[in-house]
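Chains A and B supply the protein sequences, listed in that same order.
Just so we're aligned, residue 33 is where the first sequence starts under our numbering, counting upward by one.
Just so we're aligned, residue 442 is where the second sequence starts under our numbering, counting upward by one.
Hint data in this document are derived by calculation from the structure and do not stem from the laboratory.
Be aware that one or more of the hints could be misleading.
With a straight-line Cα cutoff of 25 Å, these simulated SDA-like cross-link-like pairs (lysine to any residue) come out [stated by the list, open to error]: (1) Lys97(A) x Pro86(A); (2) Lys147(A) x Glu756(B); (3) Lys224(A) x Val274(A); (4) Lys547(B) x Glu269(A); (5) Lys105(A) x Arg817(B); (6) Lys245(A) x Asp524(B); (7) Lys117(A) x Leu514(B); (8) Lys120(A) x Ile888(B); (9) Lys117(A) x Asp673(B); (10) Lys742(B) x Asp673(B); (11) Lys172(A) x Gly530(B); (12) Lys105(A) x Gln777(B); (13) Lys659(B) x Ile888(B); (14) Lys219(A) x Tyr176(A).
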Amino acid sequence: MKKIILLLLISFLTFSCNKKQDESAIVNQETNAANRIGINKEINKLKEQLTKAPNDFERAVTSNKIAELEALKGNVTSMFEYSQKAVKYQPNLYKSRYLLGKSYNELGRYQDAIKELEESIQLKSDFAPAHFELGNSLYKMYNYPKAIEEYLVAIKLDPTLYMAMNNVALLYAETRKHAEAEQFLKKAIEVKPDFAPAYKNLGILYETRLKNKQSAIEYYTRYLKARPNAPDRKVVESWIRVLGGAL
Amino acid sequence: MKKIILTAIIITALFSILIAQEDTIRVSIAPFDNTLADQQLSLSATSMLTQSLSNNTKMVLRKPEAIQNYINLLEKVQLGIEDPNILKGKGNALQIDYLMVGTIGKIADRYELDARLVDINTWQIVSAYGVQASSFNTGIENIAANLSLLNKNSITQYQEASKEKPTAGIHEFREYYENPPNALYCATFMEMLTSALANKTTNPTIENKFTSRLLEEKSFEMTGIIENSKADHIFAIQGITNRIIGDIRVFPDLITVNYKIVNTGSQSILFTGSIDVVNPTALRAVSLHIAKIIDDALNNKIGNLTINTTPVDAEIYIDDTFAGTTKNKSLMVVLQRGTHTITAKAEGFKAFTCQSNFEPRKTTEIIIKLERITERYLQEAFVFESQGKFDRAVEKYEQFVKETGNTQEANVALYRMGHILLNNLKDYNKAKDVFTSLLNNYPEAFIRAEGYFGLAQSYLAMGNKEQAKSTINYLLEYYPESNAAIEAKAIIKTFEAK
């Protein structure tokens, strides 16, 4: 009897394995379907336009639009390819320079990123995202004072740039300016109340730097509320428990 | 005689038991992790698998209770309270060789079950099962059936085959925060990818439950950039040569999975990829697909190139894409297998182009000595131009361009040549071609603006006013601050006056 069950199970397994062999087909089918809708539909339309663009400027603008959409998707390879094309066709577009700099950051080429982002800022000094991205490059190069400067410029230019507020706060924490760190993290939450990382960062700041257990518990709890499916939920719950908080 | 036979039988029996024991694997099953917050399911998974394997003659199954202290320790590691390294090297004391770990997840009403057998001493995965099932029981039965086929030989063969190959460990997949989606897939996807990597690749994969906790300290979370952490260093110390990171972005109608392979030694990004799907249940297939790509990338595709140049600080282009400079004496890049075109350029030197073939997992070194541009032709051209010998000057500029290729210096020569053809030799057609060549080289913005102005003047001289006007308008619109634009404005005024 056991042998029969085992045989049945193995047959089932073989059937499952055959199904698994189709994974490339499933991925192809899904990729094809995804290519025809939403953001990809828009990208494909732009790629078609690019082949018919009448001059370098149109080619640059279209390439830039593709790079922007690819950046939204997080497709680094394509963002890099199209922002580079845009810069080649028209070196004076600050947005293309910014996207190229952002691509370099994603690819871990921080020196190249700094060069492009500085070009972008030279073309348009009040473009906040370029200052934020330059802050990121400088941070990766461990130049924290300069990174703080760039984040602050970005926030001054765009007071809703909550990601810059988060990052500058963390650099203040690294340089032991805890009051400033606290202030910017709270500002980020004020600007974007569902911005979960700021809650967790505040919790860590209160627990590890300001030694304020109650506030730490409060912000860890608010983090879990802001990010109900947090991958680190169990871990953060254990932090709350260790601090004596209730779940 | 009877005694001898009895002794022989006992010895044979003992020997058989010893051989049988050598062929068996000593396993215990740890409680399954659970992304559904359903403790009952975790207990069911462990108990169903224990029951199913208890009669397996190829396995010696130790009940979880027998290694309870270790399981408690594992839980603390999972919570980031204890250092993962304390889990290593406990095999003999626990009397097990392998530990079964697993996770229960659910995506769009389908159970996603992952179970992996890990070497208790190294946390290398020796066997993995990832199952998508409509019911929990079916999924566990499927895993049990797979497990029943396991034997010591297959594990030993797997471990032998993966020796000295690049090791991979999954570090993290982040959700995309800008617009928090309703459904989050990262935790379950990391489990799927870990199983897929261990299943589909010949590279040793280190268990995710171990690697993901290596850095689980209370560290701040940056946004828009990955934190400066000791991740690469810590992974490298553990012997993990490649770290897999990524993110999942959920849009209203599609899901994008982005991933990167980071070499922990050089801290460089070896490979980036991106896959879009419509249906979240396809994420299991995506994980298998990505695992194959990672395997291919690590074993068959990627080669390293080191370029040294004289002089240093040359710009390096690979397949017409800027790859970096040799500022720090040399440039190291990661390339896909095959033939690539490498070009080195430095100011005052002739551009150098060569083709080179790259093999996977090997480092190719190229030493390039750039030849200084002899400005003889250029100097001669300047002299002829100042003497009014314009034909000879053009001839020398042409020779200079031919020799120097696509460099800044060649662009200057092209500009001068176009200028002479237009203003002195009155060969407007040829001037138009020269300015077009200059623009097709995509020089710096300043020279490009001059190129457009020269082109507009050529058109005008040829009587093609429409083309001249549109070129000037283009110049004024996109290079408004250039000197060429200021001069072009004067021409536009004459158009308007007429």
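Exercise. Please write out, lowest number first, the hints stated earlier that are contradicted by the structure.
Key: 3, 5, 7, 9, 11 and 13
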